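K.L.:
So the chains spell out like this:
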Amino acid sequence: EAGVTQFPSHSVIEKGQTVTLRCDPISGHDNLYWYRRVMGKEIKFLLHFVKESKQDESGMPNNRFLAERTGGTYSTLKVQPAELEDSGVYFCASSQPGRREAFFGQGTRLTVV
Amino acid sequence: AQSVTQLDSQVPVFEEAPVELRCNYSSSVSVYLFWYVQYPNQGLQLLLKYLSGSTLVKGINGFEAEFNKSQTSFHLRKPSVHISDTAEYFCAVSSLGGYQKVTFGTGTKLQVIP
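Keeping their order, the protein sequence lines are chains A and B. Our numbering puts the first residue of the first sequence at 239, with every later residue one more than the last. Our numbering puts the first residue of the second sequence at 456, with every later residue one more than the last.
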């Protein structure tokens with residue numbers, strides 16, 4: 239069974255540009271989460287989808303971040319325009335309905351220069 | 456609100472020696488507890504979890520952790536480490552009710568020295 243897959247693994251963009259990160263959860267996992275780790279700090283929650291609905295987006299830093307999950311399958315996280323402080327590793331995770339164990343992807347390392 | 460404290464950012468230990476990685480948490484509600492591991496160039500992998508029942512939890516790769524409610528701790532231990540255990544370890548909590556989001560600590564880098 240395939241795990242959580244994230245694309246791209248690395249992305250280097252200039253300040254002001256737009257970047258879109260993608261996450262493919264494990265098949266059948268209704269819950270999808272985005273997290274971010276800024277260098278040296280803790281991994282922080284960004285938002286939680288249940289199927290295609292945003293259940294909790296309290297961790298989204300500002301309105302430059304837009305997450306979508308069309309059809310309840312894969313999810314995208316767009317940063318527009320990117321700022322230097324957006325650099326970090328973005329993790330996606332998924333879990334089955336009612337289960338607490340979340341499976342994480344390898345993360346996307348975003349560098350804004 | 457919840458928080459997780461991992462006081463040790465780095466822990467060097469010789470191969471075959473025991474190790475303990477410390478984790479303390481703060482929460483106004485009951486929580487589930489987790490340890491995740493991130494090997495170099497890989498994603499986060501669940502090492503073990505405490506949901507209920509026995510406070511001593513065994514995980515993969517010979518790791519175990521003990522939940523201590525009175526001390527709000529969930530320390531991770533291994534009696535004998537291997538080079539392959541070199542990784543970053545994250546303690547995390549999730550509230551019993553409500554949403555399933557996880558609050559992580561800042562991580563502890565375990566460096567196993569040959």
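Misleading hints may appear alongside valid ones.
Stated by the list, open to error - Taking lysine-lysine and the DSS-like style, the derived pairs with C-alpha atoms no more than 27 Å apart in a straight line are:
| no. | chain 1 | residue 1 | chain 2 | residue 2 |
| --- | --- | --- | --- | --- |
| 1 | A | Lys-282 | B | Lys-564 |
| 2 | A | Lys-292 | A | Lys-282 |
| 3 | A | Lys-289 | B | Lys-513 |
| 4 | A | Lys-279 | B | Lys-524 |
| 5 | A | Lys-292 | B | Lys-524 |
| 6 | A | Lys-292 | B | Lys-513 |
| 7 | A | Lys-282 | B | Lys-524 |
| 8 | B | Lys-564 | A | Lys-279 |
| 9 | A | Lys-253 | A | Lys-289 |
| 10 | B | Lys-504 | A | Lys-292 |
| 11 | B | Lys-504 | A | Lys-289 |
| 12 | B | Lys-504 | B | Lys-533 |
To be verified - Quick look at which bits of chain A chain B covers, simulated, 3 or more residues with Cβ under 8 Å:
| no. | region |
| --- | --- |
| 13 | 281-295 |
| 14 | 327-340 |
To be clear, the hints were calculated from the coordinates, so they are not data collected in a lab. In this text the structure is predicted, and so the values were computed from the model without any measurement. Cβ atoms here follow ideal geometry from the backbone N, Cα and C, with glycine treated the same way.
K.L.:
Would you mind marking each hint as holding or not holding in the structure?
P.N.:
Going through the hints against the structure:
no. : hint                  : result
1   : A:Lys-282 / B:Lys-564 : 18 Å, holds
2   : A:Lys-292 / A:Lys-282 : 17 Å, holds
3   : A:Lys-289 / B:Lys-513 : 32 Å, violated
4   : A:Lys-279 / B:Lys-524 : 26 Å, holds
5   : A:Lys-292 / B:Lys-524 : 33 Å, violated
6   : A:Lys-292 / B:Lys-513 : 34 Å, violated
7   : A:Lys-282 / B:Lys-524 : 24 Å, holds
8   : B:Lys-564 / A:Lys-279 : 13 Å, holds
9   : A:Lys-253 / A:Lys-289 : 32 Å, violated
10  : B:Lys-504 / A:Lys-292 : 26 Å, holds
11  : B:Lys-504 / A:Lys-289 : 25 Å, holds
12  : B:Lys-504 / B:Lys-533 : 15 Å, holds
13  : 281-295               : holds (count 6)
14  : 327-340               : holds (count 6)
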